[in-house]
Each structure stands twice: as C-alpha cells, then as structure tokens.
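Could you build the full structure based on these sequences and the hints that come with them?
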Amino acid sequence: MEQEGLIAIGKGIAYGLAAIGPGLGIGIVGGKAVEAMARQPEMAGKLQTTMILAIAFTEALALLGFVLTFLM
Amino acid sequence: MNPMELLPEKISELVHELSVLPYNDMHFEGVPGPLVLTNYVVWMIVAVIVMSIMFMSVANKEKQRMALAAKSGKVADLAPANKFVAMIEMGVEFIRDMAVDVIGQKDGAKYTALLGTVFFMLLISNLIGLIPGAKSIGGTMGGTVALALIVWVVFVGVGIKKNGGYGYLRSLVPAGVREMPLFGRILLGGFLFLLEFVSTFLVRPLTLSVRLFANMYAGHIILGVFSSFVMVFMPFFEKQLSFSVGGGLVGIVALAFLLIMYAFELFVAFIQAYVFTMLTAVYIQSSVHASEH
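Chains as they are written, first to last, in my numbering: chain A, 208 to 279; chain B, 84 to 376.
No lab work stands behind these hints, which were simulated from the structure alone.
Incorrect hints may appear among the rest.
Unchecked claim - Partial list, computed: chain B residues near chain A (C-beta under 10 Å):
| no. | residue |
| --- | --- |
| 1 | Val-98 |
| 2 | Val-103 |
| 3 | Thr-290 |
| 4 | Val-293 |
| 5 | Phe-296 |
| 6 | Ala-297 |
| 7 | Gly-302 |
| 8 | Ile-304 |
| 9 | Ile-305 |
| 10 | Val-351 |
| 11 | Ile-354 |
| 12 | Tyr-357 |
| 13 | Val-358 |
| 14 | Met-361 |
| 15 | Leu-362 |
Every residue, glycine too, gets a C-beta built ideally from N, C-alpha and C.
Right under this line is the structure:
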C-alpha cells in the first residue's frame with residue numbers, strides 16, 4: 208500500500224523538478240527575442256523563427272520528464 | 084458513479100490504448116515479432132499513401148508543364164495549373180530555401196529531397212495522428228528511432244565521403260588544439276575528442292528521437308486525459324439533482340480546455356516537424372563543413 212503512495216510522490220517530484228529548468232530557459236529566450244525584435248523590427252521574422260527553434264529544444268527536456276512519469 | 088473511482092481505470096485504459104498493439108487485436112501465427120501488423124504500422128502506411136498520392140500526382144504534371152514552358156518560351160506557361168499544385172510548389176520551395184540557407188550555396192540543393200521527405204512525412208503523419216483513434220509516427224520510440232537513424236547514417240556518411248574516415252574523426256577536434264605540443268595535444272585533444280565523439284555519434288540521434296517522441300506522446304496523453312474528464316463528468320447533467328450541476332460544470336471546463344489543447348497540438352505538430360528537419364540540415368552542414376573546424 209505505501210509503496211504505491213511513494214511511487215506517486217516520486218513521480219510528482221520528478222516532473223516538478225524537471226519543469227524548473229526549461230521554464231526558466233524558455234522565459235529567458237523569449238525575453239531576449241522580444242528585446243531584439245523591439246530594437247530592430249525589420250528582423251522580426253527571422254528572430255521569431257529562431258526563437259521557436261530554441262523553445263522546441265528546451266521544451267524537449269521538460270516533456271521528457273512528463274513522459275517518464277507516465278511510463279513508470 | 085463516483086468520479087474518483089472511474090478516473091484511474093479510464094487513464095490506465097488510455098495508456099494501454101496508446102501502446103503498440105496488434106491491429107484490432109488480431110493474432111498472427113508464425114509471424115516473427117518485428118513483422119506484426121500493429122496499430123502504429125497501419126497508420127504509418129496510411130500517412131505514406133497520403134504523402135505519395137499528394138506528391139506523385141503533382142510531379143508528372145509539373146514535368147510536362149516545365150517541358151512545355153521551355154519549348155514555347157512564354158512566361159504564362161510557367162504558372163501552376165491550380166491552387167493545389169501551387170501549394171505543393173510553395174512547400175518544396177520552403178524546404179529548398181531552408182536547405183540552401185543552412186547547408187550553403189554550393190551543395191545545399193542536393194539535400195532537398197531528403198529534407199523534404201523527412202519534413203512532409205512527419206508533418207502529414209502528425210496531422211493524421213490528431214484524428215481521434217489514429218496514431219502518428221512519433222507516437223512510439225520505434226518510429227522516431229527509425230527516422231533518427233536514417234538521418235544519422237546520412238550525416239555520418241556525408242562526413243566520411245567528404246573528408247575520409249580518418250579525416251572526419253580528426254575534424255572533431257578543433258584545428259588550434261591539433262597543433263599544440265605533444266603533451267597538451269594528448270590531454271586536451273583526447274578530452275575534446277571524447278566529448279565530441281559522444282556528442283556527435285550518440286547524443287544527436289538520441290535527442291532527435293526522444294524530442295519527437297516526448298512531444299507527440301505527451302500531447303496524446305493530455306488530449307486523452309481531458310477527454311476522460313469530459314466523459315466522466317458530463318453525465319452529471321443527466322441527473323435531476325440540484326448539486327449535480329457542479330459536476331457538469333467541471334465537465335464543461337474540461338471541454339473548453341480540451342479544445343484549447345487541441346489547437347495547441349496542431350501548432351506542436353508543425354513545430355516538431357520543422358525542428359526535426361532544421362536539425363537534420365544543421366547536422367549535415369556541420370559534416371559538410373567539418374574540414375573548416
């Protein structure tokens with residue numbers, strides 16, 4: 208009985224910790240992208256593409272934690 | 084009808100449905116494990132058929148039109164026949180621009196076929212996976228590892244073809260380190276070589292496949308969980324009791340959230356196909372220009 212509870216707590220802690228880093232990372236990237244777009248509005252298209260690329264990279268780490276909690 | 088009791092079994096049912104199962108639970112006698120027709124394989128075949136029809140039906144007409152325009156020399160003959168052909172042309176142009184931008188002017192256009200196949204395969208398969216009951220290629224580790232391995236073979240093969248086997252391995256270490264005195268070269272060069280070797284040969288295909296798998300699987304689970312919420316909480320409206328409206332309201336909130344997540348999953352389908360293709364192009368570029376490190 209208590210094993211199942213401990214496993215559930217472990218899953219929660221795992222995903223919670225896994226979401227800290229990418230959350231900060233995506234915030235930083237988004238902030239810098241907006242700042243750059245404000246400085247040079249004619250580059251907005253290229254900056255948006257690069258921002259989305261960077262967000263997809265960091266989001267993969269958070270999603271890996273999410274998927275692992277469902278797999279175990 | 085206690086929702087707290089219904090939910091866990093619905094969620095375990097969902098996780099079971101999302102795993103690799105023989106199609107319609109048919110059992111195949113005497114067929115070895117990897118050749119079984121699973122639910123993912125069936126939807127992969129559907130995606131491949133859709134993609135082939137889309138592109139092959141356009142390719143022949145385009146060739147005839149190009150030949151006709153070259154002969155007659157009139158600009159008006161260059162215009163696409165209808166909007167569908169124009170859309171496919173825009174798609175291929177998008178891939179070719181990405182290939183030439185990232186890989187370089189000289190030999191970027193050669194890789195348009197590979198990048199286009201990877202991009203459109205992933206895009207069409209992810210979009211098909213959004214139909215309820217259908218699966219996408221990225222839904223299991225099998226499909227993503229297959230695509231990542233193909234991409235890996237291509238970029239290692241290109242590196243070896245351009246620089247030779249020993250030259251490719253040598254280019255993993257930057258040029259400045261290669262000219263240091265002997266002791267520094269062994270220490271720093273050895274360390275850097277190990278780092279770059281693991282990063283290029285092991286980490287790259289792994290992260291490619293895991294990124295795609297995690298995004299698609301997590302998306303499907305979120306959609307499935309909120310659908311289970313709707314299924315469990317909406318029947319509260321049928322009871323003629325006054326306090327069952329609360330349960331119904333939870334169902335309506337879950338439905339609204341489900342619609343928003345569905346739109347977000349559409350966005351993620353495009354983004355994941357684009358990121359996979361862009362990363363392939365970047366890896367090919369780092370192999371082609373390896374001698375300049």
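Hint check:
{"no.": "1", "hint": "Val-98", "in the structure": "holds, 6 Å"}
{"no.": "2", "hint": "Val-103", "in the structure": "violated, 13 Å"}
{"no.": "3", "hint": "Thr-290", "in the structure": "holds, 7 Å"}
{"no.": "4", "hint": "Val-293", "in the structure": "holds, 6 Å"}
{"no.": "5", "hint": "Phe-296", "in the structure": "holds, 7 Å"}
{"no.": "6", "hint": "Ala-297", "in the structure": "holds, 4 Å"}
{"no.": "7", "hint": "Gly-302", "in the structure": "holds, 9 Å"}
{"no.": "8", "hint": "Ile-304", "in the structure": "holds, 6 Å"}
{"no.": "9", "hint": "Ile-305", "in the structure": "holds, 9 Å"}
{"no.": "10", "hint": "Val-351", "in the structure": "holds, 9 Å"}
{"no.": "11", "hint": "Ile-354", "in the structure": "holds, 6 Å"}
{"no.": "12", "hint": "Tyr-357", "in the structure": "holds, 8 Å"}
{"no.": "13", "hint": "Val-358", "in the structure": "holds, 4 Å"}
{"no.": "14", "hint": "Met-361", "in the structure": "holds, 6 Å"}
{"no.": "15", "hint": "Leu-362", "in the structure": "holds, 9 Å"}
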